[in-house]
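Please build the complete structure, drawing on both the sequences and the hints.
Under the numbering used here, read the sequence shown as residues 11 to 550, first letter to last.
None of these hints come from the bench; they were simulated from the model. Where hints are given, some of them may not hold.
Distance ranges between label pairs, derived from CB positions [as the list claims (entries may be wrong)]: (1) V493 x P140: 31 to 37 Å; (2) D133 x S526: 47 to 53 Å; (3) A401 x N98: 17 to 23 Å; (4) N275 x S526: 21 to 27 Å; (5) D362 x Q475: 29 to 35 Å; (6) G521 x A249: 24 to 30 Å; (7) S180 x K200: 22 to 28 Å; (8) K200 x T461: 56 to 62 Å; (9) F447 x N98: 27 to 33 Å; (10) T137 x G210: 15 to 21 Å; (11) E315 x N235: 17 to 23 Å.
In silico lysine-lysine, DSS-like type, Cα no more than 30 Å apart, as pairs [what the hints assert, rightly or not]: (12) K90 x K41; (13) K279 x K367; (14) K454 x K386; (15) K468 x K351.
All C-beta atoms in this analysis are idealised placements derived from N, C-alpha and C, irrespective of residue type, glycine included.
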Amino acid sequence: MTLALCFFYNLSFSQNDVVNDDEGSSYNLNKPEREEWLRDTGAGLFIHFNVDAQLGVVISHSLVGASNDYVERYFNELPKTFNPSKFNPKEIAELAKMAGMKYICFTTKHHAGFCFWDTKTTDFNITKTPYKKDMLKEFVDATREAGLDVGFYFSPEDFNFLRSHNIPISRTNVKMDAKTTKEYNDYNRKQCEELMTNYGKIDVFFIDGEPKEVVKETCWRLQPNLLITRGAIKTPEQALPGAKITQPWLSPITMGTAWQYQPTNDRYKSGTQLINLMIEARAKGGSLLLNIGPKPNGEMAIQQEDRLREMALWNFINHESMDSVRSWVVSKEDDIWFTKKGKSTVYAFVTDVADWKEAARKTFLLRSVKSTPDTKISVLGQNSQIIEYKADLDVSCKYTQTTEGLEVSVVKAQRIYDDHRWPNAVVIKLENVKPVFEEAVFVKTMGSSLTADGAVLKGKVMDYQPALSKRARFYYRPYAGQVETLYAAPWVKTVWVNINADGTFSAPLKGLKKGSRFEYKAVAEQQKVAVEGETSVVSF
Numbered sequence: 011m012t013l014a015l016c017f018f019y020n021l022s023f024s025q026n027d028v029v030n031d032d033e034g035s036s037y038n039l040n041k042p043e044r045e046e047w048l049r050d051t052g053a054g055l056f057i058h059f060n061v062d063a064q065l066g067v068v069i070s071h072s073l074v075g076a077s078n079d080y081v082e083r084y085f086n087e088l089p090k091t092f093n094p095s096k097f098n099p100k101e102i103a104e105l106a107k108m109a110g111m112k113y114i115c116f117t118t119k120h121h122a123g124f125c126f127w128d129t130k131t132t133d134f135n136i137t138k139t140p141y142k143k144d145m146l147k148e149f150v151d152a153t154r155e156a157g158l159d160v161g162f163y164f165s166p167e168d169f170n171f172l173r174s175h176n177i178p179i180s181r182t183n184v185k186m187d188a189k190t191t192k193e194y195n196d197y198n199r200k201q202c203e204e205l206m207t208n209y210g211k212i213d214v215f216f217i218d219g220e221p222k223e224v225v226k227e228t229c230w231r232l233q234p235n236l237l238i239t240r241g242a243i244k245t246p247e248q249a250l251p252g253a254k255i256t257q258p259w260l261s262p263i264t265m266g267t268a269w270q271y272q273p274t275n276d277r278y279k280s281g282t283q284l285i286n287l288m289i290e291a292r293a294k295g296g297s298l299l300l301n302i303g304p305k306p307n308g309e310m311a312i313q314q315e316d317r318l319r320e321m322a323l324w325n326f327i328n329h330e331s332m333d334s335v336r337s338w339v340v341s342k343e344d345d346i347w348f349t350k351k352g353k354s355t356v357y358a359f360v361t362d363v364a365d366w367k368e369a370a371r372k373t374f375l376l377r378s379v380k381s382t383p384d385t386k387i388s389v390l391g392q393n394s395q396i397i398e399y400k401a402d403l404d405v406s407c408k409y410t411q412t413t414e415g416l417e418v419s420v421v422k423a424q425r426i427y428d429d430h431r432w433p434n435a436v437v438i439k440l441e442n443v444k445p446v447f448e449e450a451v452f453v454k455t456m457g458s459s460l461t462a463d464g465a466v467l468k469g470k471v472m473d474y475q476p477a478l479s480k481r482a483r484f485y486y487r488p489y490a491g492q493v494e495t496l497y498a499a500p501w502v503k504t505v506w507v508n509i510n511a512d513g514t515f516s517a518p519l520k521g522l523k524k525g526s527r528f529e530y531k532a533v534a535e536q537q538k539v540a541v542e543g544e545t546s547v548v549s550f
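Okay, here's the thing in structure tokens:
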């Protein structure tokens, strides 16, 4: 997996299809109902696996720039010892389903070219290892049996093909003559034909690398109902969009920093972080594709299993807030995220719960929601009538409509853990409510200009109407890199500034150190609700 775009010169694919891996494509034959299915889907499970899992190394990419000795031993020795005999796709599928996943996407072939099915195109495949069996078939059968949809990851880039044709292994500037180009396209086409004809109906297909067009053409020809994600729709990798997106999208994200199992020197996100990422994705109109990497023997690492079980517990309580929902007029207010179902049901995800103890009542002010005469408030998972060992405590849900917004008062009344400390989001269900405004203003994060000691951040409210929004500000924080952003510090807020007549606004950011990088987003206030724009990065 990577965000880097690979250009294969002399290969025959449409120029319109050359897109960044996190972007959509003009060549998109996905049927509307299949993309709508994705929008209904709360999350999927990604499985990255490869013959080099035995080394605990980055999947495939270590071959780029490797010595001849490394390359030859990689392709000749690793298959001889690869035996994932403890691979149990049934257990994985059942746990994934409990955790709220609606499909599983398995790595059929990563960039190294190792195939997990009984392919006729190369001996560099799972049946030529001590394992001998068609692992892909086992995965497909178990996933279907669990009632989940089947997804395939496929890399048209193939380092084994390059090696066998004496072409330097690289992800950029790979040159082939016309004969080799045709052979390469035919090779990918034949592999896709096997995948599309030997395993029944495939629901989801994720293309990582170029050339995508020959892959898409083959797959859609053989399975017209196939949903192609990367290669056709937006798939931001290892990051979530800064603002909600109206088109279908998904975000593939790792549990730690590595796609493949890395036994040491990895840093796993907590279960709470993963749950919050899933919530944020849904609030912004997309879905999460959460990755795991099995151990070399095929079993799931305990760190990954533990986090999926924590997610399964949270999903058991709150599943209705994630399934078949859409984004609210705003994705969040402070630390409360929103989704909606139908026209009048809203779910408010309270994520800042570190100091919220069991049996404690908390009151929240929701500025984007207003009540009706038929409004009902509840907390998912609990009946809000009884709390263990405290029969006289009032744990009912209450609300009051004020001039400032909808004031909601609820008690954390369900015991989830033995120690009475449940660190994950509490979901408040609001039925028969209305939005304070029908449509949020569109805030665009513009560029920035450098000054002697910092930068001037710029933003704009598009189609600006002064009656809707009068002031704006910026959120900013140090930018640590693509993956590390998910572990980033909280946003720092600038002071409010006035919005100009043309919708533009700006604010200085001073005291920056040379060589530092910051990410920032423009934010405008609409009826006391902060509406956020997309995220940008500035280097000083």
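Evaluated hints:
Take V493 and P140: their Cβ atoms lie about 34 Å apart, and the range 31 to 37 Å holds. Evaluation of the 47 to 53 Å hint for D133 and S526 yields a pass: the beta carbon distance comes to about 50 Å. At about 45 Å, the CB distance of A401 to N98 disagrees with the hint of 17 to 23 Å. Taking the beta carbon of each, N275 and S526 are about 26 Å apart, inside 21 to 27 Å as hinted.
For D362 and Q475, the hinted distance range of 29 to 35 Å is satisfied, since their beta carbons lie about 32 Å from each other. The beta-carbon spacing between G521 and A249, approximately 27 Å, falls within the hinted interval of 24 to 30 Å. Taken as a hint, the range 22 to 28 Å holds for the pair S180 and K200, whose Cβ atoms sit roughly 23 Å apart. A C-beta distance of roughly 57 Å is found between K200 and T461, which places it inside the suggested range of 56 to 62 Å.
Taken as a hint, the range 27 to 33 Å is violated for the pair F447 and N98, whose Cβ atoms sit roughly 50 Å apart. Between T137 and G210 the Cβ separation comes to about 19 Å, which falls inside the hinted range of 15 to 21 Å. Between E315 and N235 the beta carbon distance is about 33 Å. The supplied range of 17 to 23 Å is therefore violated. A threshold of 30 Å between alpha carbons decides the hint, and for K90 with K41 the separation of about 42 Å lies outside it, so the pair is violated.
Between K279 and K367 the CA atoms are separated by roughly 23 Å; this keeps the pair inside 30 Å, and the hint holds. For the hint linking K454 to K386, the alpha-carbon distance of about 35 Å lies beyond 30 Å, and the restraint is violated. Taken as a hint, the K468 and K351 pair is broken in the structure, with Cα atoms around 35 Å apart against an allowance of 30 Å.
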